[in-house]
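> From just these sequences and the hints, can you work out the full model?
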Amino acid sequence: MLDNFFTSGWDFKEDESELKNKFQMVNIVFLLSFAGLIFGISANILRATPTLIPVETVLLLSAVALMLALRINKKYFKVISFMMTLQYSILFLLLVYMSKPEELKHIWIFTYPIVLLYFGNDRHVFFWVTAMVFFLLIAPLQPFVHVSYSLFQVTYISFVLILVSIIIYFYQKRMNEAASLIIEQKNMLKKQLDELTKKDKILSVQSKQAVMGEMISMIAHQWRQPLSTVTLNISNLQVKRLLRKEIREKEYETTFEDINNTIAYLSATIDDFQTYFHPKKEISTIEINELIQKAINFTKPRLKETYIKIVYMQKNSAVINTYTNELIQVLLNILNNAVDELIAREIKDPKIIIRVQNLGDALQLEIEDNAGGIKKEHIDAIFEPYFSTKGKNGTGLGLYMSQMIMQKQFHTTIEVKSEKNSTVFHFTPILKKQEFKRRTIIA
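Numbered by my numbering, the letters in the sequence shown go through residues 1 to 443 in order.
Treat the hints with care, as some may be off.
The calculated BS3-like cross-link candidates involving lysine-lysine, where the alpha carbons are at most 27 angstroms apart (straight line), are [stated by the list, open to error]: (1) K351 <-> K375; (2) K309 <-> K348; (3) K420 <-> K376; (4) K417 <-> K375; (5) K13 <-> K173; (6) K408 <-> K186; (7) K13 <-> K78; (8) K22 <-> K78; (9) K300 <-> K417; (10) K173 <-> K190; (11) K191 <-> K20; (12) K375 <-> K309; (13) K190 <-> K408; (14) K191 <-> K74; (15) K348 <-> K408; (16) K22 <-> K74; (17) K74 <-> K20; (18) K408 <-> K294; (19) K173 <-> K22; (20) K300 <-> K240; (21) K199 <-> K20; (22) K408 <-> K199; (23) K420 <-> K309; (24) K408 <-> K198.
These are calculated hints, taken from the structure and not from any lab test.
Below, the structure is given as structure tokens:
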């Protein structure tokens, strides 16, 4: 509320900080004017020196009117600034022309440069200071009004006024330059942030496309065997029919049941992939075993071809609230990366171990492979975009996007530990757990 008063009730954009400062200074001057003029009027009444009372009263009423006008229209600022500068110029001159040196009222003149620097630009400041110095210097020389100040005194006051004006001018200039530099750096950072956000979106799309390609390949692998089963069952019935062999009702039921189960499996596979590519990032409740099993199921076709074994060492069984699709993507990226390394290095008895550790208030996932570890020169770069040791066969986006998902969605990071015979990825993405059991699953 106080800040709203000093800005005359107006809102300002980020690039209007200088104008906002001027509004604040004008309102501060208004308050100081009210206090100074009321004090001056009271002092003149008590001392029975009514000479300046009419002028001070007019200035007080004028300041109230100008303050209210500034709250009506923001565009009145320049006019109000000019009128206030004119009024204070006249007031400060009257303090010299109509008071005595021993009353020390001329001291108020030294606040003049502060008012000028906030009310106008450099050209206006030079004009008003020059005019003020001119009228001060001619005060003891002009024949119209008796002035108690000597030429030496007004010259001294003028010199100090010029000196104070120069000091305040250069200080204000430095402040404005610093403010401009801060605004420029802020705009530059905003531009860089926008570019990084745009780059992240592009990388996210590219990563999704790369994973989608792998998914389509997995669907082809995952459907090939079930479709072969359906085809074989139908072919058996057709052959028996052509050979006019008797087909028992139970055989029909068994065959149709096998076909129905196979079709249900194919439908479930499509549902799993559809869920994975769902665009909405929503927290859902899922059992940790089910989540990890979904990720394992996606990799099963590759595992069967390469004889890679996945051992799921499940110490804790928990119902969790998490970003299911994103977590499956992270698991799948790490699993595929491990499978690629095991195939490339032709490891005997290739194995991937998945562990879920109970950390008290959270669950930690670990994925370990026996592909021989990561080279020291690569360990710090594996989470960088486009970094890959697979040559043309790798996009270099899988682990990068996995790390981005962990940081942005789960506010944690993936840690990696590489040893002579193995590599371990571990992270803590679990938001909530409910109960625990022990079991081991081998895929």
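> All the hints need checking, so say for each whether the structure fits it.
Each hint, compared with the structure:
{"no.": "1", "hint": "K351 <-> K375", "in the structure": "holds (19 angstroms)"}
{"no.": "2", "hint": "K309 <-> K348", "in the structure": "holds (11 angstroms)"}
{"no.": "3", "hint": "K420 <-> K376", "in the structure": "holds (11 angstroms)"}
{"no.": "4", "hint": "K417 <-> K375", "in the structure": "holds (11 angstroms)"}
{"no.": "5", "hint": "K13 <-> K173", "in the structure": "holds (22 angstroms)"}
{"no.": "6", "hint": "K408 <-> K186", "in the structure": "holds (23 angstroms)"}
{"no.": "7", "hint": "K13 <-> K78", "in the structure": "holds (19 angstroms)"}
{"no.": "8", "hint": "K22 <-> K78", "in the structure": "holds (11 angstroms)"}
{"no.": "9", "hint": "K300 <-> K417", "in the structure": "holds (25 angstroms)"}
{"no.": "10", "hint": "K173 <-> K190", "in the structure": "holds (26 angstroms)"}
{"no.": "11", "hint": "K191 <-> K20", "in the structure": "holds (24 angstroms)"}
{"no.": "12", "hint": "K375 <-> K309", "in the structure": "holds (24 angstroms)"}
{"no.": "13", "hint": "K190 <-> K408", "in the structure": "holds (19 angstroms)"}
{"no.": "14", "hint": "K191 <-> K74", "in the structure": "violated (30 angstroms)"}
{"no.": "15", "hint": "K348 <-> K408", "in the structure": "violated (38 angstroms)"}
{"no.": "16", "hint": "K22 <-> K74", "in the structure": "holds (12 angstroms)"}
{"no.": "17", "hint": "K74 <-> K20", "in the structure": "holds (11 angstroms)"}
{"no.": "18", "hint": "K408 <-> K294", "in the structure": "holds (23 angstroms)"}
{"no.": "19", "hint": "K173 <-> K22", "in the structure": "holds (14 angstroms)"}
{"no.": "20", "hint": "K300 <-> K240", "in the structure": "violated (34 angstroms)"}
{"no.": "21", "hint": "K199 <-> K20", "in the structure": "violated (35 angstroms)"}
{"no.": "22", "hint": "K408 <-> K199", "in the structure": "holds (15 angstroms)"}
{"no.": "23", "hint": "K420 <-> K309", "in the structure": "holds (20 angstroms)"}
{"no.": "24", "hint": "K408 <-> K198", "in the structure": "holds (15 angstroms)"}
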